[in-house]
Amino acid sequence: MAQKEATVYILDLGRSMGEKRNGRNKTNLDWAMEYIWDKITTTVATGRKTALMGVVGFRTDETDVKGVIEEDEAEGFENIRVLVSLKQFLMPDIRTLQEQIKPSSTDSGDALSALAIAIQMIDAATTGKAGPLKYDRRIIMVTDGHGTLDVHDAAEISNKIKQDNIEVTVLGVDFDDPEYGFKEEDKDPQKQETEANLKGFTEDCDGRFGTLAEALSQLGIPRMKSTRPVPSYKGTLTLGNAADYDATLTIDVERYPCTSIAKPPNASSFVVRTDLGGGVGASTQSSATVAGGDYGADGQLAAVRNQRVYQVDNLDEPGTKKNVEIDELERGFEYGRTAVHISESDANIVNIETQPSLDLIGFVQEEKFERFLPMEKANYIIPQKANNQAQLALSSFIHALYESECYAVARLVTKENKPPFIVLLVPKIEPDYEALIDVELPFAEDMRRYKFPSLDKRLTISGKVITEHRDLPNEMLVKAMSDYVDAMDLTEFGRDEDGEPTEYMKFEDTYSPLLHRINHIIRWRATNNIYDKLPDPPQILTKYSAPPSDLIAQAQKQLAALKEASDVKKVPPKQKGRGKRTLRDREKPLSGLDVDALLGNPKRVKVDPGNLIPSFKQALAATDDLEAIQTAADDMGKSIRTYISSSVGESGYGRALEAIRVLREEITELEEPEIYNNFIRELKRDILDGKLKGDRREMWWKIRGSKYGLIDQKRSFASEVSEEEAAEFYKTS
Amino acid sequence: MADPTQDSRPGEEEEDEEEVDDSSYKTIKDAVLFAIDVSHTMLQRPPPSDDKKADRDSPTSAALKCAYQLMQQRIISNPNDMMGILLFGTEKTGLKNGDDSFPNCYLLSDLDVPSAQDVKQLRDLVENEDDAAEILKPSDEPVSITTVLFCAIQIFTTNAPNFSSRRLFLVTDNDYPVKVKQDKDTAITRARDLYDLGCTIDLFPISRPEHGFDRSKFYDDLVYPSSPSDPDAPVSMASTTKVSKSGDGITLLQSLLSSINSKATPRRALFSLPFEIGPDLRIGVKGFILIKRQTHVKQCYVWVGGEKVQIVSSTTSHLADDTARVVEKTELRKAYKFGGETITFTPEEFMQIRQCFGEPVIRIIGLKPISSLPIWANVGKATFIYPSESDYIGSTRVFSALQQKLIKSKKMGVAWFIARKNAAPVIAAIIPGVEKYDENGEQTMPPGLWLVPLPFADDIRQAPEQAGDVKTTEKLTDIMRKVIEQLQLPKGVYDPSKYPDPDLQWFYRILQAMALEEEVPEKADDKTIPKYKQIDKRAGEYLEEFGQAFDEELRSQLKLKTKAIALSKKRGAPASSATSESKPSKRIKSEEPANESAGMRDEEMAALNDRGNLSKQPVAALKDYLKAKGQNASGKKIELIEKVQQYLEKKGF
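Chains as they are written, first to last, in numbering that gives the first Met the number 0: chain D, 0 to 732; chain W, 0 to 652.
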């Protein structure tokens, strides 16, 4: 677990902080707050009760030290305010702070006095009865250095800081930093002095001193969350069966995660309160925070509960369902469509009995191993802690695997009666570190045996092999691809700290874009109530979304050659899709036979209710005439209504739904969306008005669920229906 | 009203989909109708032979066995999919609903999600020849193939009207099933109806010893090259499906099984994406899941209030917590918890947040040697990609050139990969897959590229700490190498097909037995258990050698460290346990690993139990005892007590 923390932020709120300097379009204070808010909200996001934060302002108009210092000792602490006392920060604290962050109209107020207050705050909060508690103590000060600095207590303060082991960071607006490469021209002499004094002081207490711009530039680098390793298996790695054979190998080992996908936070569902009258809708832009159940204050969202309804097929009335109560239900499984009831006492009968073990099956050769087989995240297998035998034995095993260029295959059961898995054991040897890595391998059932045609040859129907074909690359393309691939190599494209060539885009340089994007936007939103648009993701998250431009520039020639040799043509959107509009284009059987010619190329095909969908498709294929299309669609519509109105329960709904789908798809392709839209509007009305022999609302739910509503402009440019109208159509009232 | 989204047709994109795994992939509904020819030639058994490997099945019976196996397999792999079996050419006529308008077509099991009874009926037919003989009686008049196709249309439209994949598996040895050309023409038009309906014919032709099956005589006019449900799936194997025949060392059954297995699940693309090889150079690819952990069905509710046990379906509706009002899905707002409150965004903003990384794409950032993909960097399963010409003409040749280059230079691409709208961007390695065949020339691994997801800095855990610096020696390593060399798996590779999932197989065996109210088997057939006898035979000698060398080495390495250990003892840290099992050595066969010192003896524990004093024991004592007995020592105190009692009972106390 992370260590307890106590952090006090000291903010310069002096008059000069309200100014805009050095061509920035925001005030010094707003600029500084970018940094402070990011720090604060990052801590709030962890939700840790043991991460305390407080904020102190100096050069404020008023003075209020909230009792941190006894009143009779308060002299010298003028123009200093404790804005938020040291505590776990929650949303209300953020709001409290927000209200107080504005530049004052004064220049007086001493930075070191504010520091003394902060030390006092930390001291009070982190000292237990028996002395200082285990805490990470931190003070972070941001100032523009325009105030004066009273240095005559400086030595005492810095001693106290060192004694309490407090880490002090001082960040200055436009402070000079030769390392970062910033120097303010024409610096105010007063500022120069304060800056120098602050720097000296910070160095005295082993703190960090820097310019704000540098600190801000580092904010973009996402912070990693560290997780305590939890073993998923503690047991033995064995070769052979010790119960039946003499010569076996048994090593005590432990298994820990090596990789694990870090997931972005989950959003929970809420519903906009309806009992508030008028407040609905306004909530989205006006306030960042909303209440649900126990959450928050302004109460515009209510929590959502799920209600489940249980149903079984009603055997007395086929095609209908009846509700059943939860206490009539028992546990069971589906075997195909047969329900198998398994009583509580038999619950374990379906589970295979196993004992925890990691049992070697055999060995495979490294070079023959298919790298795409491993299925899950990787784990470390290390010797049991403080066990020399285990360490020596595992070390021999790891090195033997490594030297023989083999991997081991083993059967792993992590806990009693857990299903066995097959894992691959791979040696990992680094200077000072040895371990086995395990990854899960697929079972027979996990492999789908689809077949795909060869990529380097083609077979004719008669089985002859051909090597020249439009789907096969010619020599020129092979060469161009080879040159391009070589030109785009990243192995030495990166630069390390010393500017030496190194691998570009290592794992540790890439950050999970969505995870950090969501964290970033939540933090941002917590302190931004009013805004026009959401900020873009930090640049570091998109850095690896495209090839580095320098590399592309270098490979320009090879890329051009490859493009030419490839001769790839984009298919115009209209020709896509399954529909072949004319008789000539219709899909032909393997033999290439023209089936329509066989039928004498009929000019008009009638839709046959007994062979509905095929005859409808054939009717459309046979004609270009709008009237004929309308007739075919009408016939189709008639049959759909018949399916619905003659359905016993829901028995006919499936067929109706399929017919609607085909009608919608074919009409969309013919770019006559109105034909379909008219049909579906009428159908909806008739269903809801009960005109199709009884209550057919369930059919409407199915149409809605399948999204077979109006064809909108997005789907067909010929449509006059907007996306909003199409969405509106799905509503029932 | 309940939200009926469960009825939404598979493949329809769920706009607000947050889950980005392959959930949409699973929902593709598939219906397979087996149509098996029952004729005099199809029923003819091969001549008896003493050869164990010789054929014993008539073509019809081989087909039924395949159907039986496929049915069982599909219950496991596609529990929501339908299957039916239609026999044609039989004396018997009739569909399940009493319809007998299709002469000589007999529907053995109706197109539906298979029930336990369907499995049993099929098994009886396969295993019991007398039963079979009655049903498998060929008619004197040959059946009309047009009737069969029409019958199939009827069955598909009634039972699986809106399934996105509907397939007719036609097993026959008759390559010209009509007498006059006119009959052929009507069959062709029926086949086209079937195609227009969205159904595929998969032909499984069987050659007889004296008569090779010639597809071009008839069936090439009936079978279409692509599947209507997935128009640009790579050209189906229909054109190259091998004619099943006996001989060549494999039986008719095996060869038919192999053809059918490759079609067991309809191939369906997971995504169709632009593959950007360089700026302004895009080709089209489709992604397929070829590796996926198959799990068994989840426990469900059953209703026991009626005459027979029924499966319960449930629908969820949302209620507002404050007013208990039913809420439509569109009214829901998502919010994040933050600082004790919630932070919310409009649905549009949610889209913006997730989609700010651009359109779905696979974009190559650059290339690296394949050695920069260590196995420890694995985070999940790989996805297979294969070129598609539907968006970019020329995709296949460019893809092929890339694949060949990557194989040749042992390189991999590194790509930015967004699988679909709303999906989280990942960085993936693109590694080449080499086409592989078995000894019969059947493809075992398809050619293409694999997308292997790579870890971000956030996904890499710190290596667990290890104390101590005991290290192997050349001698020990060398002996261990001999062990490794002795115990290579066949051909030095891991072949998944040799290892069925023992848990999955056991689960369904039990479930099947229970569904049919048959005896439950006692012991699982677990192919993952190592072959101990072989291990002993091949490596026993070296293991002994290792054991001896190990003991010596350990002693000499520890001698150097005595000082350090003594020091740690002074501090009260536990020294390495002497009873540790890490010592490879000759071992006396014993039922329990002796570790009595750690806990109480059985008698003592039994005495405590008799006096009802078990609950007064500290948890640690109970745990020690259970551990010493090799029992699971986890759980709450009350559970520990129960375990102790169970153990004592077993021991006869």
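Honestly, the hints are just simulated from the structure, not real lab data. Among the clues, some could well be false.
Claimed, not checked - Think about it this way: if two alpha-carbon atoms lie no more than 27 angstroms apart in a straight line, the pair counts; the simulated DSSO-like pairs of lysine-lysine are: (1) Lys28/W to Lys414/D; (2) Lys3/D to Lys25/D; (3) Lys456/D to Lys183/W; (4) Lys28/W to Lys420/W; (5) Lys183/W to Lys602/D; (6) Lys28/W to Lys417/D.
Unchecked claim - A partial selection of chain D residues facing chain W, derived with a Cβ cut-off under 8 angstroms: (7) Leu215; (8) Val349; (9) Ile360; (10) Asn600; (11) Val604; (12) Pro608.
Model, not experiment: these values are computed from the prediction. Glycine is no exception: its CB is placed at the ideal position from the N, C-alpha and C atoms.
For each hint, the structure was consulted:
{"no.": "1", "hint": "Lys28/W to Lys414/D", "verdict": "violated (36 angstroms)"}
{"no.": "2", "hint": "Lys3/D to Lys25/D", "verdict": "violated (35 angstroms)"}
{"no.": "3", "hint": "Lys456/D to Lys183/W", "verdict": "violated (35 angstroms)"}
{"no.": "4", "hint": "Lys28/W to Lys420/W", "verdict": "holds (23 angstroms)"}
{"no.": "5", "hint": "Lys183/W to Lys602/D", "verdict": "holds (23 angstroms)"}
{"no.": "6", "hint": "Lys28/W to Lys417/D", "verdict": "violated (31 angstroms)"}
{"no.": "7", "hint": "Leu215", "verdict": "violated (21 angstroms)"}
{"no.": "8", "hint": "Val349", "verdict": "holds (5 angstroms)"}
{"no.": "9", "hint": "Ile360", "verdict": "holds (5 angstroms)"}
{"no.": "10", "hint": "Asn600", "verdict": "violated (13 angstroms)"}
{"no.": "11", "hint": "Val604", "verdict": "violated (11 angstroms)"}
{"no.": "12", "hint": "Pro608", "verdict": "violated (12 angstroms)"}
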